[in-house]
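**Q** Below, each chain spelled out in residue letters.
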Amino acid sequence: MRVVLAEDLFLLRDGLVRLLQAHDFEIAAAVATGPELARALAELRPDVALVDVRLPPTHTDEGLQCALRARRERPGLPVLVLSQHVEQLYARELLADGAGGVGYLLKDRVFDAAQFVDAVRRVAAGGTAMDPQVIQQLLARRTGPDRPLSRLTPRELEVLELMAQGRSNTAIATQLVVTERAIAKHTSNIFAKLGLEVSDDDNRRVLAVLAHLDRDR
Amino acid sequence: MAGRAAAVGKAGTRALVLAAVSLAGSLTLLVATLVSLLLVPLGVGVLTTPLVLTGVRMFADRRRLLVLRWGGPPIPREYRPPTAGAGPWRRLRDLLGDPATRRDLRWLVVDMTAGFVTALLPAALLFYPLEGFALAAGLWRVFTDGTHTGYWYAFVPVSGQASALTAARLGLVFWVVAWFLTPALLSAHLRLTRAALAGRQGELAERVRVLTETRRAAVDTSAAELRRIERDLHDGAQARLVALGMDLGTVEMLLDKDPAKARELLAQARRNSAEALNELRALVHGIHPPVLAERGLGDAVRALALRLPVTTEVDVDLRGRADAPVESAAYFALSEVLTNAVKHSGADRIRVDVRHADGSLRIAVTDDGTGGAVIGTGSGLTGVERRLGTFDGVLAVHSPAGGPTRVTLEIPCALS
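So the protein sequences, as listed, match chains A and B. Letter by letter, the first sequence follows residues 1 to 217 of the numbering used here. Letter by letter, the second sequence follows residues 1 to 416 of the numbering used here.
A few of these clues could be false.
What the hints assert, rightly or not - Derived pair list, reagent style EDC-like, types lysine to aspartate or glutamate, alpha-carbon separation capped at 16 Å:
#1 Lys-185(A) / Glu-197(A)
#2 Lys-185(A) / Asp-214(A)
#3 Lys-107(A) / Glu-275(B)
#4 Lys-107(A) / Asp-348(B)
Hints are computed from structural coordinates only; laboratory data are not their basis.
One chain only, chain A, in its complex shape (with noise of 0.2 Å):
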């Protein structure tokens, strides 16, 4: 799988492509700059880019424009963008499209590399990786009483989390410790209560929940 890496920071962006190296991922480019970023993204067609937020030359949020822009020439391109924060406002952008292939995670998360190189996969293969942070943010502005999320059960709730985040049915129930049926049973539930279509696509299903999240009150 071929990579386009973008980060700045030589520290970061060296353990990065060992990292990934170490994973069997073929890194493409590793670059340091935006303009450097487009020109990769345009020429060699990664299957998917890791993407900093800020980089240089302007060390605002050059890497995350030019993460959108690509996108917007070529819909569904996989970006996993990283960040030293994580924005509610930034993650909305990214899913603004609603074409999937979107991974926005703290640069913290790659102290666990076999979570982070799922997390990458699954970008790749059109998923979403939201940070956990995100999704607390989300799910905190929507937890007061009369509010659907009220109506979840703490498992149900705990359940919506890890597949806000993106997460599969097998991987969430790994985690939680329980059988795949288990966790579709409490999907459909969740899915239920929220008013929301079920749908066999994991995809589309974690769209679906983050939209139904992020759609104000």
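Knowing the structure of chain A, use the given hints to seat chain B on it.
**A** This is chain B only, laid out in the frame that chain A set:
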């Protein structure tokens, strides 16, 4: 033609508002201040005077905003910041010793007399003719049966249809005068307000004093901030990194002897490093929020709103970015105002309006809560006022009991 008519209409209406406000508001506040001062020997006045004078300042601040918004000159605000932790006597002495307080009181007298007249005149020129027309249209019958003078319209005795028509003609004359004079008269009123409300003698000296005070406040605040950051780093991330290094050392030693224990310690080390990162992130957010650096004030405010537990609508109209220090001050001031609103107002809807006009950044926060917010000791709004003071910013609070509350922040600045 239509443009001029609209301008005259607008000026007349504004003058009417000003006439009403200046007579009722200024008279009430002046009487309240005098009564409160008379009560000082009895003791009660010591407590009521600061309240009344705060009211006077809020009233004056509203007027500063109105004058600015209605095309008048900006009126500098030169109140001395309150001494932290001062008792009621000290507060009273500070307030009465502040030249700005005496100027405010002088302004109240001017406002209810000359101010009232200069506001009433343009309003009357515009609206009084309406009565003349009404008389001509038949209203005269209410006052007279046509045999005697039943009513005086200005200096025209109305005693029948013919004299009512004269009244209408006079009304027209008034309108002609209004056409040419109303906007000029209104701006004369605004200039009068500025002349009375802004310092004249020793304006520069006063300005220097205000700058010295706000500078001291700014230096104190930033020193306190640095101390807080130092403490947070020392007790937080730094300590965690020490623990991390220690754990790794132990792991190295245990690697051969007790691999299970080593793995356990490695997991702990990872948790420690994650915690250190979380603490650093929170710290960075408190120093300068990353989204502010990346996107500027507009999106930083939107991101802030998304974090609030109360539904918050944000409307931003900025063509460019203010200087980083101004953006930062505005962001943290707004953040404090929003925290206040969420904590105390009980509102379930907040509206934030950010725009730049007439050389000022203007942020208005409106909530549908219970109201009763004041700038005063112990209120978070005092800190906001101090924060804005460094930038010659103004904070105005309009919060009647029962709500709604509207807090306006204004910082003079340019966008680039």
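**Q** Each hint should be assessed against the structure and marked as holding or not.
**A** How the hints compare with the structure:
With a C-alpha separation of about 15 Å, the suggested pair Lys-185(A) and Glu-197(A) falls inside the 16 Å cut-off, and the hint holds. For the hint linking Lys-185(A) to Asp-214(A), the alpha-carbon distance of about 24 Å lies beyond 16 Å, and the restraint is violated. For the suggested pair Lys-107(A) and Glu-275(B), the alpha carbons sit about 13 Å apart, so the restraint of at most 16 Å is met. Between Lys-107(A) and Asp-348(B) the CA atoms are separated by roughly 35 Å; this puts the pair beyond 16 Å, and the hint is violated.
This entry does not satisfy hints 2, 4, going by the numbered hints stated previously.
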